[in-house]
Amino acid sequence: MFILRFVVAPIIAILGAIFVGLIIMGIDRILAARMQSRVGPPLRQPFWDVKKLMIKENIIPENAISWLFNAAPVICLAVVSTILLYLPLAGFSPILAAHGDLIVVVYLLILPALAKVIGGFASGSPFASVGAQREMVMMMSYEFPLAIIAVSVAWLLSKVHPSLDAFSLQAIATHPVWGLVKGPLGIVGLILLLVSLLVVTPGELSVIPFDLPDAPTEIVGGVLAEYSGRNYALFYLASAVKLVVLPSLLIAIFFPYGISGLFNVGAAAAGVIDVVFFLVKLFVILFFSVTCVHVLAARLKIDQLVNTYFMAMTAVSLVGLVLIVLDAAI
Amino acid sequence: MPSEKAIKMNRIIKAIWVFNWFNSCGFTELIPVVGSRWDMERFGMIITPTPRHADVLFIAGYQTWKSLERAKRVYEQMAEPRVVLGLGACTMSGGMYWDSYNTVKRLSDYLPVTMYIPGCPPRPEAVFEACVKIFQHVKELK
Chain H
1 MFILRFVVAP IIAILGAIFV GLIIMGIDRI LAARMQSRVG PPLRQPFWDV
51 KKLMIKENII PENAISWLFN AAPVICLAVV STILLYLPLA GFSPILAAHG
101 DLIVVVYLLI LPALAKVIGG FASGSPFASV GAQREMVMMM SYEFPLAIIA
151 VSVAWLLSKV HPSLDAFSLQ AIATHPVWGL VKGPLGIVGL ILLLVSLLVV
201 TPGELSVIPF DLPDAPTEIV GGVLAEYSGR NYALFYLASA VKLVVLPSLL
251 IAIFFPYGIS GLFNVGAAAA GVIDVVFFLV KLFVILFFSV TCVHVLAARL
301 KIDQLVNTYF MAMTAVSLVG LVLIVLDAAI
Chain D
1 MPSEKAIKMN RIIKAIWVFN WFNSCGFTEL IPVVGSRWDM ERFGMIITPT
51 PRHADVLFIA GYQTWKSLER AKRVYEQMAE PRVVLGLGAC TMSGGMYWDS
101 YNTVKRLSDY LPVTMYIPGC PPRPEAVFEA CVKIFQHVKE LK
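Sequence lines, in order, name chains H and D. First residue of the first sequence: 1, per my numbering; consecutive thereafter. First residue of the second sequence: 1, per my numbering; consecutive thereafter.
By construction, these hints were calculated from the structure, which means they are not laboratory data. The beta-carbon is built from N, C-alpha and C at its ideal position, and this holds for glycine as well. Just so you know, not all the hints are guaranteed correct.
To be verified - Pairs of lysine to any residue residues, derived as SDA-like cross-links and limited to a Cα-Cα distance of at most 20 Å, are as follows: (1) D:Lys8 to H:Val50; (2) H:Lys51 to D:Pro51; (3) H:Lys301 to H:Ala312.
Said to hold, decoys possible - Distance ranges between label pairs, derived from CB positions: (4) H:Glu57 to D:Tyr110: 30 to 36 Å; (5) H:Phe19 to D:His137: 30 to 36 Å; (6) D:Pro32 to H:Arg5: 32 to 38 Å; (7) H:Val280 to D:Glu80: 39 to 45 Å; (8) H:Phe19 to D:Glu129: 29 to 35 Å.
To be verified - Partial selection, computed: residues in chain D whose CB lies under 8 Å from chain H: (9) Lys5; (10) Arg42; (11) Thr50; (12) Ser67; (13) Ala71; (14) Val74; (15) Ala79; (16) Glu80.
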């Protein structure tokens, strides 16, 4: 039982997330191409990209601090995979539920960006340094709305069910937030929180319009400018897993519903139905908050980005928090 | 049984990443390759922002002595296996600048150009054909 829970299940979760992430990346590229009236690459293109990067030469620049430079991609992929184990995926309880909650997830979400910052500074290239500075600024701006969302949801849960562990993601997922509020004020507050989490998602994934740390046309790939071969492939895989992690967090907080209860089927079939429905939710969220946005928008400047997150999104999520508190008070 | 190198090359053919070193009209004439008419991404080809990620170096247009130095540096920054493609008549013979004192007449005297694509400038179809052929060509060479 111990081996099943702490060895087999994490391996399945991580490999599955890498697979799903790469597939979603392929779908995203095809859809973006179709929206620009292009044909787009085959669905398997991200797999071929990774396979190709694995055989390329792994260059370590002369100016780089080699051990930090090589460690950064490994840390990035490892941390992103670890976050996955704290999240309730497709109706299953988190694998590490007893060892961490929402606060750990919010903290761990900083680390992939931090790994990129370390890699950028360690590569000793001016482009990578600029990218790393931007990554840091961005990280500080989107962490604040994210923290407010986490606090609001936990406060709401602790108010309605004082006996539960309010920060536990499993408790949040089994008691959907929409059922905890009393009136329209609370619903509006939750919608505002949802909007701000939907805006934080593309920032965490650093896609256009929030791709300032990478900015290919501006600072030639930013933090990834000096990476090639296997190291770059690890960053590529980490960004694929991130595509699963962030929507999973959003699903766990706002849409933790399953549809297997509607069908009169056995436990195994219900599990399959839940997994499929989870993937559909994942895909829909990414379609609206990533694919559509990065086709429509152009890259923001760094001050516009900080204003978006630190001013606008913080204000939106704070108003959401205040509305929820008012809703509980009256 | 294909050799190890052949297997590697087959992987790269599926995902060719390109870095452009364009000096002159070659660039404006090759924009359609990225756009919706010819769409290079459907063959897995994308343009990379930095030479570190690239497999193919496109060199288009005439090279002056000064730009040649930069082209060499770009080539040195690329990761193995790497190839160079010369685009257009200018890289082959100097093109319409054949009698200028400061242009490079034949690029392969200075860089290991694997294949030239003739034309002034070449059609996008020719570029695609070259990208398919180039790795086959490299496989045959070694």
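Here's how the hints hold up against the structure:
1. With a C-alpha separation of about 13 Å, the suggested pair D:Lys8 and H:Val50 falls inside the 20 Å cut-off, and the hint holds.
2. The suggested pairing of H:Lys51 with D:Pro51 holds, with an alpha-carbon distance near 19 Å, which does not exceed 20 Å.
3. A distance of roughly 15 Å separates the Cα atoms of H:Lys301 and H:Ala312; the hinted pair therefore holds under the 20 Å criterion.
4. Between H:Glu57 and D:Tyr110 the beta carbon distance is about 22 Å. The supplied range of 30 to 36 Å is therefore violated.
5. Our hint of 30 to 36 Å for H:Phe19 and D:His137 holds, since their Cβ atoms are close to 34 Å apart.
6. Checked against the hint of 32 to 38 Å, the pair D:Pro32 and H:Arg5 fails, with Cβ atoms roughly 55 Å apart.
7. Roughly 42 Å separates the CB atoms of H:Val280 and D:Glu80, a value that falls within the hinted 39 to 45 Å.
8. Checked against the hint of 29 to 35 Å, the pair H:Phe19 and D:Glu129 passes, with Cβ atoms roughly 34 Å apart.
9. Checking D:Lys5 against chain H: minimum C-beta separation of about 10 Å lies over 8 Å; hint violated.
10. Residue-level restraint check for D:Arg42 holds (minimum Cβ-Cβ distance to chain H is 4 Å; threshold 8 Å).
11. A cut of 8 Å between beta carbons decides the hint on D:Thr50: the least distance to chain H is about 5 Å, and the hint holds.
12. Look at D:Ser67: its Cβ only gets to about 18 Å from chain H, farther than 8 Å, so that hint breaks.
13. Interface restraint check for D:Ala71: the shortest CB-CB distance to chain H comes to about 16 Å, outside 8 Å, so the restraint is violated.
14. With its C-beta approaching chain H no nearer than about 11 Å, D:Val74 sits outside the 8 Å limit, and its interface hint is violated.
15. Restraint check, D:Ala79 versus chain H: the minimum CB separation of about 4 Å is within 8 Å; hint holds.
16. Against a cut-off of 8 Å between C-beta atoms, the interface hint on D:Glu80 holds, since the closest Cβ of chain H lies about 4 Å away.
The structure shown violates the earlier hints numbered 4, 6, 9, 12, 13, 14.
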